[in-house]
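Chains as they are written, first to last, in UniProt numbering: chain A, 1 to 356; chain B, 1 to 356.
Certain hints may be false.
Pairs involving identical chains hold if they fit within one copy or between any two copies, as the list cannot separate such chains.
Claimed, not checked - Computed list of lysine to any residue pairs in SDA-like fashion (alpha-carbon distance at most 25 Å, straight line):
{"#": "1", "residue 1": "Lys25", "residue 2": "Arg114"}
{"#": "2", "residue 1": "Lys25", "residue 2": "Thr142"}
{"#": "3", "residue 1": "Lys25", "residue 2": "Gly91"}
{"#": "4", "residue 1": "Lys180", "residue 2": "Arg203"}
What the hints contain is simulated information worked out from the structure, not anything from laboratory work. Computed from a prediction, not measured in an experiment: that's the story for all the values here.
Protein chains: 2
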Amino acid sequence: MPPASRVTIRDVAEHAGVSVATVSKVLNERYGVAAATYARVRAVIEELGYEASLVAQSLRNHRTNVIGVLVADLEPFSTELLKGAADAIRGSGFELVVYSAGGRTGDREGWERRYLSRLSGTLVDGAILVTPAVAHAGLTGTPVVAVDPHTGPTEVPTIDSDSLRGGQLATEHLLSLGHKQIAMLTGRADLRSAQLRETGFRRALGAAGLAVREEFVVPGGYDAVVSARSARELLSRPDRPTAVFAANDLSAIATVAVARELGLRVPEDLSVVGFDNLPESALCTPPLTTVDQPIRQMGYRAIVMLIGLIGDPEPHDRRGRPAPVVQGQPTHQTLDTKLVVRASTAAVPTTLPSAS
Amino acid sequence: MPPASRVTIRDVAEHAGVSVATVSKVLNERYGVAAATYARVRAVIEELGYEASLVAQSLRNHRTNVIGVLVADLEPFSTELLKGAADAIRGSGFELVVYSAGGRTGDREGWERRYLSRLSGTLVDGAILVTPAVAHAGLTGTPVVAVDPHTGPTEVPTIDSDSLRGGQLATEHLLSLGHKQIAMLTGRADLRSAQLRETGFRRALGAAGLAVREEFVVPGGYDAVVSARSARELLSRPDRPTAVFAANDLSAIATVAVARELGLRVPEDLSVVGFDNLPESALCTPPLTTVDQPIRQMGYRAIVMLIGLIGDPEPHDRRGRPAPVVQGQPTHQTLDTKLVVRASTAAVPTTLPSAS
DNA sequence: ATCGTTGTCGATAACGTTTTCGAAGGTTAG
DNA sequence: CTAACCTTCGAAAACGTTATCGACAACGAT
Numbered sequence: 001m002p003p004a005s006r007v008t009i010r011d012v013a014e015h016a017g018v019s020v021a022t023v024s025k026v027l028n029e030r031y032g033v034a035a036a037t038y039a040r041v042r043a044v045i046e047e048l049g050y051e052a053s054l055v056a057q058s059l060r061n062h063r064t065n066v067i068g069v070l071v072a073d074l075e076p077f078s079t080e081l082l083k084g085a086a087d088a089i090r091g092s093g094f095e096l097v098v099y100s101a102g103g104r105t106g107d108r109e110g111w112e113r114r115y116l117s118r119l120s121g122t123l124v125d126g127a128i129l130v131t132p133a134v135a136h137a138g139l140t141g142t143p144v145v146a147v148d149p150h151t152g153p154t155e156v157p158t159i160d161s162d163s164l165r166g167g168q169l170a171t172e173h174l175l176s177l178g179h180k181q182i183a184m185l186t187g188r189a190d191l192r193s194a195q196l197r198e199t200g201f202r203r204a205l206g207a208a209g210l211a212v213r214e215e216f217v218v219p220g221g222y223d224a225v226v227s228a229r230s231a232r233e234l235l236s237r238p239d240r241p242t243a244v245f246a247a248n249d250l251s252a253i254a255t256v257a258v259a260r261e262l263g264l265r266v267p268e269d270l271s272v273v274g275f276d277n278l279p280e281s282a283l284c285t286p287p288l289t290t291v292d293q294p295i296r297q298m299g300y301r302a303i304v305m306l307i308g309l310i311g312d313p314e315p316h317d318r319r320g321r322p323a324p325v326v327q328g329q330p331t332h333q334t335l336d337t338k339l340v341v342r343a344s345t346a347a348v349p350t351t352l353p354s355a356s
Numbered sequence: 001m002p003p004a005s006r007v008t009i010r011d012v013a014e015h016a017g018v019s020v021a022t023v024s025k026v027l028n029e030r031y032g033v034a035a036a037t038y039a040r041v042r043a044v045i046e047e048l049g050y051e052a053s054l055v056a057q058s059l060r061n062h063r064t065n066v067i068g069v070l071v072a073d074l075e076p077f078s079t080e081l082l083k084g085a086a087d088a089i090r091g092s093g094f095e096l097v098v099y100s101a102g103g104r105t106g107d108r109e110g111w112e113r114r115y116l117s118r119l120s121g122t123l124v125d126g127a128i129l130v131t132p133a134v135a136h137a138g139l140t141g142t143p144v145v146a147v148d149p150h151t152g153p154t155e156v157p158t159i160d161s162d163s164l165r166g167g168q169l170a171t172e173h174l175l176s177l178g179h180k181q182i183a184m185l186t187g188r189a190d191l192r193s194a195q196l197r198e199t200g201f202r203r204a205l206g207a208a209g210l211a212v213r214e215e216f217v218v219p220g221g222y223d224a225v226v227s228a229r230s231a232r233e234l235l236s237r238p239d240r241p242t243a244v245f246a247a248n249d250l251s252a253i254a255t256v257a258v259a260r261e262l263g264l265r266v267p268e269d270l271s272v273v274g275f276d277n278l279p280e281s282a283l284c285t286p287p288l289t290t291v292d293q294p295i296r297q298m299g300y301r302a303i304v305m306l307i308g309l310i311g312d313p314e315p316h317d318r319r320g321r322p323a324p325v326v327q328g329q330p331t332h333q334t335l336d337t338k339l340v341v342r343a344s345t346a347a348v349p350t351t352l353p354s355a356s
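All chains should be modelled from the sequences, with the hints used to inform the complete structure.
Quick look at the structure:
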């Protein structure tokens, strides 16, 4: 019982009276070891409690079996996504490292760039970028998939959801309730999803023959505190809107809080619809009408896609068996969004709230 | 621009006209390299965009700078803890791997055992066990700290919160509101925290001169679905309790849902107090009275303690400087709990609810 | 001149694996 | 009996680092 030094493949080899090469072969189920030897080595492995060093294997194999997830912060969206990723990782033979930048939103870009570059010669076989800010220019050959990517054209494999349609659904719902003065809290300006939700909003209004009042589309930044600030201004106006579409649930919840604080009842005096369908949005008061986005699914798909991109290690000589070559799955996936109506929206009051 | 093969320390050495030994020295800021050489090598590193291979370093140094967090599932508690851990990890030079067993609660013990054994010869320098089920018998010399550990005596360094006092606080709060028929949904039987919350409950009742009705303490398992089942039975009784103390917020929220479903109003007909103070417990309807447990803090402290246990790598020859030896910090920490009163509890109705 | 001393640097042996490739022995075919 | 093959195995070269330790030069002091 040597508690100090780890038991290595050499120890196993000596105890079994074979070479390390042979031990390695039985470990990897390679062809060319006699049944008797195989059994003996297996027994010694069991007896010594040997576990191969992942580090040494990685060095030799150029593959760590680790996937990195880069999130700016562990807010509800990332958290939910992480669950899906964890589901997908299970049994895949990969591990999950979580890189979180943490509170400081200022140097988000710098932080991402730094990690992206480190990513080159380092721990992970591939990475998932959650709501990334950077264009990830000149990446290092390490496979990457982005979830809800930044705006602008990108060659990076991507998972997102149908934000355009989602934005339309939300807005149409409000319109169908009779609302005409509808405001929007937009999302993080650098993300494509935010842009699309806003276009969805504008299109729906346009289709209904309504002009958008630019002073009614205010920044929310996918963030609770900036949303609260904008909501306060918006709802303090004498000609305040009767409904607001928030670009995500965090913003919507913040809006509800501000409304309550200003003495407005939701949904009687103000309808609010969010976007995301976080678990907490069903719990809050009132339960939030929102656009469902299959976040866990997105995390799951992202991992699956990434693993596909990483590919199998060369099957080598294990008695023939040509590599299956499963290439060719699509490199962009957009998942469906749908409206879920709960209690934060209601028909516009017949008596207009003091507007003209 | 060779996009294929990574740039290695040898490349840098050649470009700079020095040996790999020298490059390694400048990388690690070792003593004994001339200023001119240092600058030249640094320049080449920059130019080539060289990043040292963490894998090779790990192999050589016997240290991976990775910390593992083992969670059974990514429920709110683990998630919150993870945030604290992520905060603490930042700038520490370590990375965080998350191992999640996932839904399947059946083989929890088997899963833990498996990972614990793998942990021996593997990726991480240390690990954090969140609500572990196993005694982690004969661990491998890898430092480990447990958060909210299993019952029974344990030598493992531990972080938890004062569940005993928390249980008492919750119960005393209900008592002070005039409740006499108080039920409890217990937690996961294998966890010390669950046991202590129950003792706190019993002690408080005892101190108030009330006998505990054993049919009122029912299993909740820290789990929403088993709690819901127990709550349904409990609240269907003709002599149902007027208040219930749930061992965690998940159970409390489930109880509220069941109550609503049975036509009981919370808090008018039934008071509910939880335990954890999850973020969502402030959002739900009604906002939950609960015992606050500083979960993020616990995650933070766990990482700090673990890093302390791992210790600095030998400082070697970087020009003297004896190792500081920061040993001796306590190996068990119990954080304070406190009651936060919100809207799910109220005074017991003066007219008894049809009981004798 | 000679002898330490000091300052720089590089060859090299690890770290724990996996894979190649050739050697040794056994079997079968001619 | 020889040639060809197949099976089983081990020696050794990688993989990309870091630490040791000796070589070598320059220099001041005797």
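Outcome of the hint check:
no.	hint	in the structure
1	Lys25 to Arg114	between (39 Å within a copy, 23 Å between copies)
2	Lys25 to Thr142	neither (29 Å within a copy, 28 Å between copies)
3	Lys25 to Gly91	within (23 Å within a copy, 41 Å between copies)
4	Lys180 to Arg203	within (14 Å within a copy, 59 Å between copies)
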